[in-house]
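Chemist: Since chain A is already given, all that's left is putting chains B and C on it; use the hints.
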Amino acid sequence: MTKPILEVKDLYKYFPVAHSMMDKILRRPHLEVKALDGVSFSVGKAEIVALVGESGSGKTTLSLNILGLQSPTRGEAFFNDLPLGKWAVGKLDQKDRRRIGVKSRRSQTLAFRRRAQMIFQDPYESLNPRQSIWEIMAEPLEIHFPGIREDVKERKVRSALEDCGLTPAEHFWDRYPDELSGGQRQRVVIASALVLEPDLLLADEPVSMLDVSIRADILTLLRTIRDVRGVTILYTTHDLATAGYFTDRMIVMYLGRIVEEGPTIEVLTSPKHPYTQALVSVAPAPNPRKRKQRVILKGELPNAVQIPSGCRFHPRCPIAQERCKQEDPSLTDAGPNRRVACLFAEGIKRNE
Amino acid sequence: MNTKDKIWRAFIRKPMALVGLGMLLVVILMAVIGPFFAPYDPNQRVDVQPSDILAPPDAQHWLGRDDAGKDVLSLLIYGARVSLIVGFVSAFFSMLIGTVVGLAAGYFGGRVNNILMRITDFLMVIPDLPLMLVIVSVWGRGLWKIIFVIVLLHWTYTARLVRSQVISIKERQYVMRARSMGASDVRIITKHILPQVLPLIFAQAVLDISSSIIAESTLSFLGLGDPTLISWGMMLNFAFERAISRMAWWFLLPPGIAIVWVSLSIILIGNALEELLNPRLKTHHLFDPRRMIAIQAPVESAHSESEATG
Amino acid sequence: MNSLEVKNLSVEYLNEKGDHLIAVENLSFSIPQGKSLGLVGESGCGKTTVMLSLMRLLPEAGRITSGQVFLNGLDLMRISEKEIQKIRWKEIAMVFQGAMNALNPVRTVESQIVEALMVHEILSSKADATKRAGELLELVGIPSKRGKQYPFQFSGGMRQRAVIAMALSCSPKVLIADEPTTALDVMVQAQITDLLQRLQKEMNLSLVLVTHDLGVVAEICDDVLVMYGGVMAEHADSDSLFNRASHPYTQRLLQAFPDIANPGSKLASIPGVPPRLNALPPGCRFEPRCDLRIAGLCEKIQPPVIQISEGHSASCHLLARGDQHD
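Protein chains in written order, with this note's numbering: chain A, 1 to 352; chain B, 1 to 310; chain C, 1 to 326.
Hints may be right or wrong, so weigh each one.
One-sided and incomplete, this derived list gives chain C residues near chain A with beta-carbon spacing under 10 Å [what the hints assert, rightly or not]: (1) E42; (2) M51; (3) M158; (4) T181; (5) Q191; (6) T193; (7) V216; (8) D239; (9) N243; (10) L254; (11) F257; (12) D259; (13) A261; (14) P274; (15) N278; (16) A279.
Honestly, the hints are just simulated from the structure, not real lab data. Remember, it's a predicted structure, so these values are computed and weren't measured experimentally. Each residue gets a CB set at the ideal place from its N, CA and C atoms; glycine is no exception.
This is chain A alone, in the form it adopts within the complex:
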């Protein structure tokens, strides 16, 4: 396999909880929110990977760290084989700087940001209401290529808009975001990310706020972007079904860790981790005859400050045993391209 475009190695992100005076006096231990508690995976070029998890799973924190908008507590991520954390803030060492041909901190940061873009969830909030569509589209170009020629700018803006289905581009340039529908706005968001021709796109729940009837279009658009431009896409969501529609591989997260990983269709049709199995069973399906088989977990994701002992899923796991309270399963191979973090999942070779 060729070198992965993105490699995450043992990433930890802990947020300290405020320690009050009272806590200090009573000598209470310093608590931390363990948003990411040891995450490792890699993404190949032009892959579409789904990052699935409920709120509190750590998927948003992971996205922010991959984008360099947060820096990890421990561990590293590599993008195009360069240390991502350092690159995003402009602290690469000389050898790496020479490799990509930049020097100053700002130019390092810009070089990174040009290649990794994010698409946000809320199409009603991610566009500045006072900027026209043209200004929104031109802005990334002005930031990264100051002094760019007007005709080049126009060409790039038009091509990005039209590739995203907003044709003819002129019809949209002069408009303002509140004149467009949710679906159109989201296309503008995607187009503004594409105009820089990035290598990596992080799509954070891009369709969850859109009507079901237009979601397919946006997701198909993302897949086309990968097919035509070879962009790698990381798709964050809590909706398994949409992930099933257009992603190649799926990573399921629970409380800051990866619990299952594998080709999407395999994970959905034969999930190995009990959490994944539960998620798949409750995913709404347009068929009333399917009602009886839901595995509805009790309670909600526990606080990331007090992670359960042993396997962090054991309090809610339908097949938990005594061992699960003591042993913390690591992510292990469970077949070709499959990994599961469970002591009792099928297909795992473990020393009993």
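Modeler: Below, chains B and C without anything else, positioned relative to chain A:
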């Protein structure tokens, strides 16, 4: 920009706003072209008879004469200039300083915020009038000194307002998007944050004008104004000292009424603007915009056939 | 006995210019006691308007122009404001969209339920009301001692349950829930739908579920009414709707729904946007986006309601002509 048009149009519809605007225009006209139409020039020396002093209104002097025999109406007209100049200039500078401080404190947070906010708090806590009196009596009089003193104490309100707005705007998704795109701090502040804050500042500045005018009048009234300039406050000062005993209401009332007139006009305008522009007073965030799509008034439709089919 | 019966309901809004915008036109449906109806449609289709009309809670600009709403035989449109205030919450209650975020942040959850009980004069002593509040919380799966906490200490799912408890405090016969699962994680969604289903059975409630999410409807609704542009597109029992959908809109909507049992299968979108209320087409409301339209007919004349089978009807010209399409 279509937002400005929208705001203007909504503004015009409010009766209070129109009244305020009208009242303000009267005063502005008075200040700008009044002197050309004033019956007399108060700066000229006049020969007066004792009977002219504090003479009641008559055909040649519609508002009577002051304690020096000068025409009150002319004084009133000339006085408008100082009041308005002080009002607008002070409001402008306090808006400028307040905005810069508020932006810096709100955007950068951390130590910058702490330092700036402590300074702001310090100035806010000190009682305005005594401080102004102290500064002027130590430093001396003069129009620009008065403006300085007023600005010194007024910028804090704008700063606080701006800071809290900036903090909430900073977290909005489009700002995060701009950041993830590589936008520099300057760009984010000028293009993404400032335009959202500007309307609020503007509404606040308008109200600032009113309080500056009153502040100047107060200082002049207390005898700390520039004695070479005619202002309404100065008129009040002399009137209080000399006209009351003689019951010469025509000297006392006009400047007082004029100050109230201007303040009222500005408050009407300011309130109307605030209603329109203050995001917190709007309730539209309570409604999901998607649900209102079908109910909105017609807008040039960008939809029709061009809605893409993927 | 039908606990809720709506006949020919039409609602309009008056905008600032004085235009009459028809939000709902000629809608009819009924719900037997103890059954659930899913009211489905995209944003702007009028489902929220219908819901508000049922309790006569329309905003000032809204007006019910015709129709009747029978609650256990009583026409809600005919009674006075005073009388309907007695009925609201006691006979028919509602869980609003985003209600979980509208809990009073400075009062304990329990006290808010107590307030509902006492304001509606269900119980007059605070002690009794507090006890009942505890019972209601247990009913929705929240340990009663947590009632003493504040909303910010509850998770999203728990707040939604608390709001449901509040709505059920006066033991209504009909519960209307507007998008009760939006903005919740998928496991929590399952918990809430499971809860609603259980409550419906235990309390013999009639449930009206207003949503754009077909999946939720498939989970718990006995009957489904699909709305488009303010009118009924299709009305059927759940099984018929999902397996024998007849209206082109319903069919396309089902195709747009990702099926987790068949990952990777083709997903469709419906091109175009819903009609604006001030620009409603004279004929079928769905015609501009329909790929099965009959030129010369569908855009000119509103389709009639065709009875397809017992309890299954749809308004489409294609059905009138007896054309079968999958």
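Chemist: Evaluate each hint against the coordinates.
Modeler: Cross-check of the supplied hints:
1. E42: 5 Å, holds
2. M51: 18 Å, violated
3. M158: 8 Å, holds
4. T181: For T181/C, the interface hint holds, since the closest Cβ of chain A sits about 9 Å away, which is under 10 Å.
5. Q191: Since chain A brings a Cβ to about 6 Å from Q191/C, closer than 10 Å, the hint holds.
6. T193: 9 Å, holds
7. V216: Holds, about 6 Å.
8. D239: D239/C check passes; min Cβ-Cβ to chain A is 6 Å, inside 10 Å.
9. N243: Holds. Min distance 8 Å.
10. L254: Result: holds, 5 Å to nearest chain A Cβ.
11. F257: 5 Å, holds
12. D259: 6 Å, holds
13. A261: Interface hint status for A261/C: holds (6 Å vs cutoff 10 Å).
14. P274: Hint holds; P274/C Cβ to chain A Cβ min 9 Å, cut 10 Å.
15. N278: With a closest approach of 15 Å, the N278/C hint is violated.
16. A279: 14 Å, violated
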